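Number of protein chains: 2
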Amino acid sequence: MRILYHIPLSPFARKVRLVLSEKRLPFELKTEKVWERRSEFLEANPAGTVPMLVEENGLSIPDSGVICEYLEEAYPDTPLMGRTLAERVEVRRLVAWFDGKFNLEVTRNLYGEKFLKRLVGRGNPDAGALRAGYANIRYHLDYIGWLAETRKWLAGPNLSLADFAAASHLSTLDYIGDLDWTLSAATKDWYARMKSRPCFRSLLNDRIVGTEPPDHYSDLDF
Amino acid sequence: MRILYHIPLSPFARKVRLVLSEKRLPFELKTEKVWERRSEFLEANPAGTVPMLVEENGLSIPDSGVICEYLEEAYPDTPLMGRTLAERVEVRRLVAWFDGKFNLEVTRNLYGEKFLKRLVGRGNPDAGALRAGYANIRYHLDYIGWLAETRKWLAGPNLSLADFAAASHLSTLDYIGDLDWTLSAATKDWYARMKSRPCFRSLLNDRIVGTEPPDHYSDLDF
Chain Z
1 MRILYHIPLS
11 PFARKVRLVL
21 SEKRLPFELK
31 TEKVWERRSE
41 FLEANPAGTV
51 PMLVEENGLS
61 IPDSGVICEY
71 LEEAYPDTPL
81 MGRTLAERVE
91 VRRLVAWFDG
101 KFNLEVTRNL
111 YGEKFLKRLV
121 GRGNPDAGAL
131 RAGYANIRYH
141 LDYIGWLAET
151 RKWLAGPNLS
161 LADFAAASHL
171 STLDYIGDLD
181 WTLSAATKDW
191 YARMKSRPCF
201 RSLLNDRIVG
211 TEPPDHYSDL
221 DF
Chain S
1 MRILYHIPLS
11 PFARKVRLVL
21 SEKRLPFELK
31 TEKVWERRSE
41 FLEANPAGTV
51 PMLVEENGLS
61 IPDSGVICEY
71 LEEAYPDTPL
81 MGRTLAERVE
91 VRRLVAWFDG
101 KFNLEVTRNL
111 YGEKFLKRLV
121 GRGNPDAGAL
131 RAGYANIRYH
141 LDYIGWLAET
151 RKWLAGPNLS
161 LADFAAASHL
171 STLDYIGDLD
181 WTLSAATKDW
191 YARMKSRPCF
201 RSLLNDRIVG
211 TEPPDHYSDL
221 DF
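Protein chains in written order, with the UniProt record's numbering: chain Z, 1 to 222; chain S, 1 to 222.
Chain Z with its partners taken away, still in its complex shape (with noise of 0.2 Å):
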């Protein structure tokens, strides 16, 4: 069976769990602990980061930008990366906007400091973080709500990578109560949309020890 090492909410993992889904590649899910730095994991990917993926032939791949270029090659029936080299490039833009600036500005902030800082016992929040993730929050979801009015998806015209990487980074927010839905209607509704997607029920049974989600994390009618 193909499995897919990750840690709880992890985004990246998360996106790469909706693109596995998707595509109806069947996967194992484990936990890898990383900072306990198992010399086996570290063999396969020296980096030592999750997502790793490892396919049934053996095929181990990490990262969950390589993982999910990957997937597009290797299972290339359910398109997720655009068509034309306009669409890819739009597509790309996005997953490294998500995957980079918001995540540098929002969910490192937020989910870094409040919950990856406790699972490694690294202390408290820095109160200086979780500012800048509440502040930086707003504008970006004034921008995918931006996205989501002009256009039927995030990237254009078809459900995307672009789609993934942004509603797993909002998922991992919303299960640790940090994201506020009336700040960005067109937000809410094309999210409520990924949601109700079959790809996305897995995310949405997700339950962390020590961590209960809100009430209307698993609710599609939020």
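One or more hints might be untrue.
One copy or two, it doesn't matter: identical chains are merged, so the pair holds either way.
Said to hold, decoys possible - List of simulated lysine to aspartate or glutamate pairs, DMTMM-like, C-alpha gap at most 20 Å:
#1 Lys30 / Glu56
#2 Lys101 / Glu36
#3 Lys101 / Glu43
#4 Lys152 / Glu22
#5 Lys117 / Glu36
#6 Lys188 / Asp221
These are calculated hints, taken from the structure and not from any lab test. For clarity, every value in this text was computed on a predicted model and none was experimentally measured.
Here the structure of chain Z is known, so what remains is to put chain S in place on it, guided by the hints.
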């Protein structure tokens, strides 16, 4: 004419310059003072980052990762990403290694602290960051040396984007005098091969006012 926006010594822009030259795609290099947040530039690239490539047909492509994927698809004649799925995973894994891990652990701590901070007027280098950078570079040079000794090129039998990504970071650090080539003979041998390629010439001719490179920087027999 195709335009590549960059800032001096940016390893990410250098990677794109190498790829464009290796694929024999002419381009004009323009410096973009990203910290001035020019509105016309932000319109084409809301993230406000360099490198950004603008094609003759007007297509704007931000982010060095997105640019390199685009160039591979648009101009496949000189393939730089591997052929089989496994080769392509290995090329992209190493690109993520150099542009992610190496950048974070080495480039940002040295080029970022010593050059970029001054460029944007953000004060003096942080001593702790410099110490971390000099400590980290040792094991990274070992890793590059190990790859170069066990393979013809860093990702396998063929020259690839992985070589260009690694060489870009090293060339930036070499320019600011932060590379001790006695640390890894295998890395030095591989870099000498990279340096002597025609595509490398323009990088070796770079000169930044007020920051002279060491004598060996442009010497092919260093």
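Hint by hint, here is what the structure shows:
1. Lys30 / Glu56: within (15 Å within a copy, 47 Å between copies)
2. Lys101 / Glu36: between (28 Å within a copy, 18 Å between copies)
3. Lys101 / Glu43: For Lys101 and Glu43, the Cα distance is within 20 Å only across copies (16 Å; inside one copy 30 Å).
4. Lys152 / Glu22: So Lys152 and Glu22 pass the 20 Å test inside one copy only (18 Å; across, 38 Å).
5. Lys117 / Glu36: Close inside one copy (15 Å), not across copies (34 Å); limit 20 Å.
6. Lys188 / Asp221: Result: close within a single copy only, 10 Å intra versus 60 Å inter.
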